[in-house]
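**Student:** Following the hints, position chain B against chain A.
First to last, the protein sequences are chains A and B. Per UniProt numbering, the first sequence starts with residue 1, numbered consecutively. Per UniProt numbering, the second sequence starts with residue 1, numbered consecutively.
Hints in this document: simulated from the structure, not taken from any laboratory. Some clues are possibly wrong.
Same chains, same names: a pair is fine if it fits in one copy or spans any two.
[Unchecked claim] Once the Cα atoms are required to be at most 25 Å apart in a straight line, the calculated DSS-like pairs of lysine-lysine come out as:
| id | residue 1 | residue 2 |
| --- | --- | --- |
| 1 | K49 | K147 |
| 2 | K14 | K211 |
| 3 | K49 | K211 |
| 4 | K2 | K254 |
| 5 | K207 | K43 |
| 6 | K14 | K254 |
| 7 | K111 | K207 |
| 8 | K111 | K14 |
| 9 | K147 | K207 |
| 10 | K111 | K49 |
| 11 | K43 | K254 |
| 12 | K14 | K49 |
| 13 | K52 | K2 |
Number of protein chains: 2
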Amino acid sequence: MKLEGMTALSLGAKTVLNSATELEAALRFIGETRYHSLHPFHKLLHGGKLNKGQVQAWALNRYYYQSTIPIKDAVVISRFRDRNIRVEWRHRIEDHDGNIGSEGGIERWLKLTEGLGLDTAYVESTEGILPATRFAVEAYVHFVRDKSPLEAIASSLTELFAPNLHEERISGMLAHYDFVNPDIMSYFSRRLTQAPRDASFALDYVKAHAKTPEQREAVCNALIFKTNVLWVQLDALYHAYVEGHIPPGAFVPKAN
Amino acid sequence: MKLEGMTALSLGAKTVLNSATELEAALRFIGETRYHSLHPFHKLLHGGKLNKGQVQAWALNRYYYQSTIPIKDAVVISRFRDRNIRVEWRHRIEDHDGNIGSEGGIERWLKLTEGLGLDTAYVESTEGILPATRFAVEAYVHFVRDKSPLEAIASSLTELFAPNLHEERISGMLAHYDFVNPDIMSYFSRRLTQAPRDASFALDYVKAHAKTPEQREAVCNALIFKTNVLWVQLDALYHAYVEGHIPPGAFVPKAN
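The shape of chain A in the complex, shown without the other chains (with noise of 0.2 Å):
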């Protein structure tokens, strides 16, 4: 399946999507046209094309991203009456969290900026992060309180990509970089189980609840709103770590 016509914003008028089969087609051919795995930066973090210096700034802003997620799950859970769908969710948030004693994704999360030589006081702070990095964060927060929880849950679909991406990322990046190892890595190995179970619930309950194409239409444009929020992270990465225009105040990594 081809989308012609898709914005920036949303599918475009052209696209009439008219039954679940068409939907999950469509949704596939956003994750292949839209998802972050494309983006000039992980090429360049996959490959080890980048310097330490550049792969701290990467871990500190993408920890604001991995903590305030179990916050978003929280807004997602506060959606929905059905206490199904509540209980479904509630695992995301232990996956982030973890239990007392127990270490969740926000932890592991913490080892890999710890691993990368980041002070946890100043990751955990966000004070240095790029505020583009805060603002598409909390537009994904925001969004799934403002709209449909039918919305809410599409937005979580690129789950559906994130496997991939993270066995290259794996590979990548202890093969490139002296300053990986598989310990700090942990939070990635831990999400190839993880994602899979999240994503295909995600999709089946889209696929279930996306009744009319203005609905699919929605699902839609969910997902290519999150493609948005995870692709301004990188793109704001780009911008001041690669190309070297640091916005004021932001984390200024030491001379490698």
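**Tutor:** Same frame as chain A, now just chain B:
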């Protein structure tokens, strides 16, 4: 006054503001060091270094900011039980929306985009703007809704620094671009008289109502937030249209 330890997000822990005079000095220092008049994209825009397509991209994206301001100001009004403040703030909506039969700032901005050769329906659709523009502008609306009324007013204080920028813009763009004329620049000439009135009210308000160092810090952080809202928009334009990394589905200028 020099502020040490200002981050991308905040004034930092080192600064304690003990009076309204110190608050105003800090606000002016933030403007001198963080206002987007300092951004490289503005140097190019005002210096005649951009081609018509790049100026179109700026006007197209900035339209989303302009057209969101009355929505932002309606949210600000909604935060106040004090009728006097609502009455004072109301004219800002009128400045941008105009009245039946009289144009406001948004129509003046559409004169600019139309004068630059952009289709008004496309501009109004906002389908082609950079996702980073959308996230930054929407962050401003969320900020005035979610923060304190004092911070909501403080976030408007970038207007203290706008007149100098607008004068530089009017003279620079008229001098350098044959596709710019005084009529399509009427938005900026009109703001030369509107912005100072608005800014002086907001400055007097925060000086009178921020009574503790903590409140003065919150006022400064609101202004830092707002400078980020503006800076992020120009970073995104620079990355997409100067360095040539246009994100998927965003406006692509016709070859000049």
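**Student:** Determine for every hint whether it applies to the structure shown.
**Tutor:** Status of each hint after checking the structure:
no.	hint	in the structure
1	K49 to K147	neither (39 Å within a copy, 41 Å between copies)
2	K14 to K211	within (19 Å within a copy, 56 Å between copies)
3	K49 to K211	neither (46 Å within a copy, 51 Å between copies)
4	K2 to K254	between (45 Å within a copy, 24 Å between copies)
5	K207 to K43	neither (32 Å within a copy, 49 Å between copies)
6	K14 to K254	between (50 Å within a copy, 22 Å between copies)
7	K111 to K207	neither (37 Å within a copy, 44 Å between copies)
8	K111 to K14	neither (46 Å within a copy, 29 Å between copies)
9	K147 to K207	within (18 Å within a copy, 38 Å between copies)
10	K111 to K49	within (22 Å within a copy, 45 Å between copies)
11	K43 to K254	within (23 Å within a copy, 28 Å between copies)
12	K14 to K49	neither (40 Å within a copy, 37 Å between copies)
13	K52 to K2	neither (39 Å within a copy, 32 Å between copies)
Hints 1, 3, 5, 7, 8, 12 and 13 from the list above are not met by this structure, while the remaining hints are.
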